[in-house]
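Number of protein chains: 2
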Amino acid sequence: MWTLAAETFTPQEITIFLLSLLVLLGASRILGEVMRRWGQPAVLGEILAGVILGSTFLGGMFPQYMQVLFPADGAAALALEGYALLAVVLLLLVAGLEVDLSVVWRQGKAAILISMTGIIFPLTIGTALAAAIPTWMGKEPQADLLPFALFVGVAMSITALPVIARVLIDLNLLKSDIGMLIMSAAMVNDLLGWMGFAVVLAMMQLGVEQNGNVGMTLLMTLAFVVVMLSAGRWAIHHTLPSIQAHSAWPGGVLSFVIVVVLLAAALTETIGVHAIFGAFIAGVAIGDSSHLRQRTRDVIHQFVTNIFAPVFFATIGLRINFIDSFNPVTVLLVLAVALVVKIGGCYLGAKWAGLSKRESWAIGAGMSARGAMEIVLGQLALRAGLIGEELFVAIVIMALVTSMISGPMMQKILQSRQRRSLKDLLSERSVIINPKSENLEDLIYEMSRRAAELTNLNINAIALAVVDRERIMHTGLPGGLAVPHARLAALTKPCIVLALSKQGIDFDSPDGQPARIVCLLLTALDDPDSQIEMLSLFAQTFERPATRQAALAANKPTELLAVLNLAQAGEGGTENV
Amino acid sequence: MWTLAAETFTPQEITIFLLSLLVLLGASRILGEVMRRWGQPAVLGEILAGVILGSTFLGGMFPQYMQVLFPADGAAALALEGYALLAVVLLLLVAGLEVDLSVVWRQGKAAILISMTGIIFPLTIGTALAAAIPTWMGKEPQADLLPFALFVGVAMSITALPVIARVLIDLNLLKSDIGMLIMSAAMVNDLLGWMGFAVVLAMMQLGVEQNGNVGMTLLMTLAFVVVMLSAGRWAIHHTLPSIQAHSAWPGGVLSFVIVVVLLAAALTETIGVHAIFGAFIAGVAIGDSSHLRQRTRDVIHQFVTNIFAPVFFATIGLRINFIDSFNPVTVLLVLAVALVVKIGGCYLGAKWAGLSKRESWAIGAGMSARGAMEIVLGQLALRAGLIGEELFVAIVIMALVTSMISGPMMQKILQSRQRRSLKDLLSERSVIINPKSENLEDLIYEMSRRAAELTNLNINAIALAVVDRERIMHTGLPGGLAVPHARLAALTKPCIVLALSKQGIDFDSPDGQPARIVCLLLTALDDPDSQIEMLSLFAQTFERPATRQAALAANKPTELLAVLNLAQAGEGGTENV
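Taken in order, these protein sequences are the chains called A and B.
Each residue of the first sequence is one higher than the one before, starting from 1 at the first, in this note's numbering.
Each residue of the second sequence is one higher than the one before, starting from 578 at the first, in this note's numbering.
Calculated directly from the structure, the hints in this document are not laboratory data.
Treat each hint with caution, since some may be false.
As the list claims (entries may be wrong) - Stretch by stretch, here's where chain B covers chain A in the computed footprint (C-beta under 8 Å, at least three residues):
hint: 1; region: 268-277
hint: 2; region: 326-334
hint: 3; region: 352-360
Unchecked claim - From chain A, some residues computed to sit far from chain B (all C-beta separations above 12 Å):
hint: 4; residue: PHE9
hint: 5; residue: PHE57
hint: 6; residue: TRP105
hint: 7; residue: GLY108
hint: 8; residue: ILE178
hint: 9; residue: VAL214
hint: 10; residue: MET220
hint: 11; residue: VAL227
hint: 12; residue: VAL257
hint: 13; residue: ARG293
hint: 14; residue: LYS412
hint: 15; residue: LEU457
hint: 16; residue: ALA465
hint: 17; residue: ASP468
hint: 18; residue: MET473
hint: 19; residue: ASP526
No residue lacks a Cβ here, since even glycine has one placed at the ideal position from N, Cα and C.
Only chain A is shown next, with the shape it has when bound in the complex (with noise of 0.2 Å):
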């Protein structure tokens, strides 16, 4: 009489689908955090978990636990499977959300022809290379040739949003001029390069369906991108106040956004162009709004970035043998002709602009990182059967080096620093919670003590020039705060010794309280920039109450460093009502 769905989960898939995901999500986010610390992007950890985990390395030597964990097929292989799909989507929303149109238009004509070069450039290039030597670019034997081509070029003009922010934010150039013409000309290019995808797309799924004709799908694909970025732009921003108006706050926000990008999504994929291109279509409209608060899309991309995308990152590399299907030729040709295709044009647009040299290498460099969007394309063309295993590694390393150097690049190009914050400078063997010393002159000696463990150098060369320091004047600042210092030609990088001292020792600080947090500050001779740098983050990180109290509640060094890496991370994306 009654029934549930026919086919449902044993206890024993359960566990599987829970384990599977757990593991993937597990390691790729640990390897992810890694990357992040060594300077890389993320995405990079979250593919090698999944190649450690894979085929290439565990799955490859211990096949039976690769079937059990990760079965090809069953209740639990399908559910990670609509997981990945989910992720995927959700991945293309963020993706589109941080496309600003506004900024573009404030660009203006630089933008633009940045983009245009920046994209002419690889297409052709790209497509006329694949179509000139298509079995040395990896071109599976069934395949037609002009999808495949066409595919080449796109995947070396579409260039990676998420990871060129990253970077501008790293060295501090985000809301420069050359930041932000960077910003805007890769904005325009992803909304151009993944409508050229679209058109990969469907002539690839025409071309395995033989039926229909790709004209009346790239109309429809036209007319929706049309659509959306004009009345559903409008509607979606005429309709959040109402549902923000009307409905429990965030919430109904966070769901009205899900279902409007899960419906784009299910569009184009009947259309027949893949869902997640309706996603990122729907992602730039909705981010468009400003109605749309920035606790909301923080909540988006917190889940999607941590919860969803790694796992999805992670599936990629399961299946594939990294090893095996490393044909050097493809990767040294496909990363080349990359490097050069994107450099060389946005260089080019960028001096035509009017540019100088340097900063047009600069936006070339900035631009020529791919990251994340790469791969999610070359995925599709994998199992549309566009390409073989050996060009998808290709793609998929060739998205990674380019992402991982092109920070590099830039900071080499413009001499520019990269930002540091206190916290990135310190260790837990840095700390000192309640050292033991009453007064100052104990307290810098029993602070040179770390700080001549950490640094190898004499204690007693450290805490004289420190002393010396202090005696030309001491260096109490209000609030509790501290900044004995010195600088010292043995020196190779900078060194801190943060103490946090309960009861406070005299430092003849302006407002005449003593001081509990103190920060030992030694920097190189020849490095005096280095010296302000420090004293000026110092004096930043605990200039709000809060932190300071926070920091001195701490009854351990992690505690503490937990506090500054949580007093960074709330500097961003407060709500302002």
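Given the coordinates of chain A, assemble chain B onto it according to the supplied hints.
Frame of chain A, contents of chain B only:
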């Protein structure tokens, strides 16, 4: 050479998966919001969405549509099942996070007593009744009597912590003595209730599989709970700071929480009790750590209650025909017993602990809300074949009805009044943006006209009373606010009209500023409390300059309501580092 998962999604299946998800999410959230606006629990609307979309109505009328959008098997069906599985696991995580063991210790004896009698009564009477008249209570012929009877007992005992918290907040009682007592008793109740549930589940599973023994499963379950709430809780508490110190925040913590919950869920599923039990206990262990920040809880809570949980509740009603399976005898029996044993049990415990008669009844009424958890439990029993569809429908109805009447019962007994917010008293029609008037009297007439439309009173009667009041002393407040008001005999409930004047109108405010936000306040002559309440609500709402600014930027009534909704939501859940 290379294969993806053997079974994978066709474009049609991708479309169906996305469409079914979006239809379930959209419909359940809309009906959930409607219920919330009517002062009812959202879960009522979420289940109703499934009932309307599924076999009971639409699916019954158009079986074809049901087969296409919600197929019973295939990749889309399994992916949706996987999503619902994750949803219920995450829902139990959120429920567990709300259990605060320290609150329980502070309440001490009374809380323990109430929760004990609140469990023992329903458990014994429910079990005895089910054992005595199993057929009337809806036992399936092939099910074993003991697990069935125990299930009914447990189903009678578990409360609904989230529903109770919601009701107490609405009645402004959460932080009162009686509110904290009810919350603590409910927490202990839930903890014990879920352990009882684990017992029943173990008996069910083993009854099905006929191997191993119940004792072993129970022992392992008990060991899991003890380890998780002692060593596990300790480990989580001491791991959180180093995750917060060494990973991007709050992303690292978010992933950590999900991984721990998935691990606990997989573990309990392997032991032989359901995954959700592990998720609940993990939630208790994680939520207990003072290192878990409010913002992390917020992100989890928002995502789970707005993206995951509604889909789960909607799927519950999807494949069950609530009309065919509606057995009035079972429904009435279950509902009556559930109310009597729970209210009675808690009343006795409260009286025993020395509370007054009225307070004891109020506690019984508060504890009687069942809500979502009963339904989760019922679904598991249904799937295991322990109960039939009729009893399941009766349990769903019991859970919903008790949740709906618990608040009104408490309100009646305590004669407390529901906490109102300014926004609840406003609609688009009661807001005037840019009034035409340029002086005080004109404005009062313009606002009185709107008030007359809203209340069907005479415009002159309103305006005269307000102007008379202004003659005694003008009602301007500092910060550009003004509150002209009057009490009218003909009025039965308060009426508010809000006007935003960009130019400002002189209301003789103490700081000399013209009033830009003017609130006309009409209350009944025999209800002096309401006038004071509204005045203070108005002043509180517009206390912050940011809120005043945002309000004045509104171009439409809906935008103003959105600002008020957000200002209200912003009050709670702020993060201090």
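Going down the list of hints, with the structure as the test:
1. Counting residues of the region 268-277 of chain A whose C-beta lies closer than 8 Å to any C-beta of chain B gives 4; at least three are required, and the coverage claim holds.
2. A count of 0 residues in the region 326-334 of chain A with a Cβ less than 8 Å from any Cβ of chain B is obtained; the coverage claim is therefore unmet, three being the minimum.
3. With 0 residues carrying a beta carbon less than 8 Å from a beta carbon of chain B, the region 352-360 of chain A misses the three-residue requirement, and the given coverage is violated.
4. For PHE9(A), the requirement that its beta carbon stay farther than 12 Å from each beta carbon of chain B is not met, with the minimum near 6 Å.
5. Distance to chain B confirms PHE57(A) as a non-interface residue, since its nearest Cβ pair spans about 16 Å, more than 12 Å.
6. For TRP105(A), the shortest C-beta to C-beta distance to chain B comes to about 22 Å, beyond the 12 Å cut-off, and the non-interface label holds.
7. Every CB of chain B is more than 12 Å from the CB of GLY108(A) (nearest about 28 Å), matching its label as outside the interface.
8. Against chain B, the non-interface label of ILE178(A) holds: every CB pair exceeds 12 Å, the least being about 26 Å.
9. Non-interface status of VAL214(A) relative to chain B is upheld: no Cβ of that chain comes within 12 Å, the nearest being about 16 Å off.
10. Every beta carbon of chain B lies more than 12 Å from that of MET220(A), the smallest distance being close to 14 Å; the non-interface claim holds.
11. Distance check for VAL227(A) against chain B: the nearest CB is about 18 Å away, which clears 12 Å, and the non-interface claim stands.
12. VAL257(A), annotated as away from the interface, has a beta carbon of chain B within 12 Å; the closest lies near 10 Å.
13. With a least CB separation of 7 Å from chain B, ARG293(A) falls inside the 12 Å interface cut-off, contrary to its annotation.
14. Distance to chain B confirms LYS412(A) as a non-interface residue, since its nearest Cβ pair spans about 26 Å, more than 12 Å.
15. Listed as a non-interface residue, LEU457(A) keeps its Cβ farther than 12 Å from every Cβ of chain B; the least gap is roughly 26 Å.
16. Every CB of chain B is more than 12 Å from the CB of ALA465(A) (nearest about 30 Å), matching its label as outside the interface.
17. In this structure ASP468(A) is separated from chain B by more than 12 Å, as the shortest Cβ-Cβ distance comes to about 34 Å.
18. Chain B leaves MET473(A) outside its interface by the beta-carbon criterion, the shortest separation being 31 Å against a cut-off of 12 Å.
19. Listed as a non-interface residue, ASP526(A) keeps its Cβ farther than 12 Å from every Cβ of chain B; the least gap is roughly 32 Å.
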